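As you go down the protein sequences, you meet chains A and B in turn. Quick note on the working numbering: the first sequence kicks off at 6 and runs consecutively. Quick note on the working numbering: the second sequence kicks off at 2 and runs consecutively.
If you're looking for bench data, these hints aren't it; they were derived computationally from the structure. Please note that a few of the clues may not be correct.
[Said to hold, decoys possible] With a straight-line Cα cutoff of 25 Å, these simulated PhoX-like cross-link-like pairs (lysine-lysine) come out: (1) 220/B / 152/B; (2) 93/A / 152/B; (3) 220/B / 164/B; (4) 220/B / 38/A.
Because the structure is a prediction, the values reported are computed rather than measured.
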Amino acid sequence: MQLPRTRWVFVSLILLAVASSAWGAERVEDIYKTYCWQCHGKRADGMGVNIRDMSVQPRDHSDAKEMSGRSDDELFKAIKEGGQSISKSVQMPPWSGVLSDDEINLLVEYLRELCECKFGS
Amino acid sequence: MKMATKRRLHGPAIWLCLLLALPVSVSVWAQDEGMAILKSECSSCHDLSGPAPTTLKGLWAREAPDLFYAGIKYKQNWLEAWLQKPQRIRPAGMFYANHIKAGEDGDVIDESTLKPHIALSADQAHEVSEALMTLKSNSDLIVKGEYKPGKISPTMGELMFDKFRGCLACHEIEPGYGGLAGPEVFTVAKRLQEDYLISYMRNPQAWDPKIFMPNKHLKARDLQKFVHYFRGLSEEKF
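In isolation and in its complexed conformation, chain A is listed as follows (with noise of 0.2 Å):
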């Protein structure tokens, strides 16, 4: 006896899900949840409970004119070695010790969606 070929291409596709959560993938929206509301905020528009004594304002991600100034390059470099790469404040922390490139990555995408916009546009 022989499985259609479509039960196997969907077989396989559980398996799939299932060993990449057993890898432990993070969804995109968890880790921003973790990592930037402090300061960020739950809605994304830089009014993170940390806010009341810093000097420097987080950026409000879902604000399109200022985000889509930055290239994803620099998204990506000032989510992973902090602010000060791209000679913002330092209160932007470097996230290397923390997050692999590739969560970077879906956070860069995920800034994308927050701001409904693209650099330059």
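Given the structure of chain A, go ahead and fit chain B onto it with the hints provided.
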């Protein structure tokens, strides 16, 4: 004649041994009592055996600080005192995102979600602190004697903590001043062992893989200076 002298010598020797063993057995007894309390009263919230969470969902679900390396993290006299009169250390609780709500001027702490901590009697606090000091996982992350006592001016310390390194964004340096997602640091030198502080600041994720304190890649000299600064802060009266 010989026998008699021997017997006379034996008597005191045995008593001496018993006397010397007494404090040891009392402290072993206190540890056992303390461990029993930890298991029955504390383990519903605190992890006593490890390891620390390795997924974000695990991090969010953690109710209280891990205690399986308590013996290399806390100062015992602080433990004993705090357990009798616990006071908030993390303004926004263990995982801040579980304790905030969106307000008009941004996110604020939802106080109704933060509960007071269970308090122990003096005897219980002593027993529990004895037991906690025996929990020593992660000892390999500590370099004994790495911290060398020294001084830094309060102004320089604050400059480093705020302007140069951006730590103030998440930590309060006096009640009501600083960030809220992390633990207050003006009491940290009273609470925690110096060598632990150095090791934790060097690499927070070595202790707690998913924690939301960034690794700021601090130099060995800066690590020392931060501990000098915290020790200074803990002597101030607020």
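Structure-based check of each hint:
Simply put, residue 220/B and residue 152/B have alpha-carbon atoms about 17 Å apart, close enough for the 25 Å limit, and the pair holds. Between residue 93/A and residue 152/B, the direct Cα distance comes to roughly 31 Å. Violation of the 25 Å bound is thereby established for this hinted pair. Taken as a hint, the residue 220/B and residue 164/B pair is honoured in the structure, with Cα atoms around 16 Å apart against an allowance of 25 Å. The hinted pair formed by residue 220/B and residue 38/A fails the criterion: a straight-line CA distance of about 29 Å is larger than 25 Å.
When the structure is compared with the earlier hints, violations turn up for hints 2, 4 and for no others.
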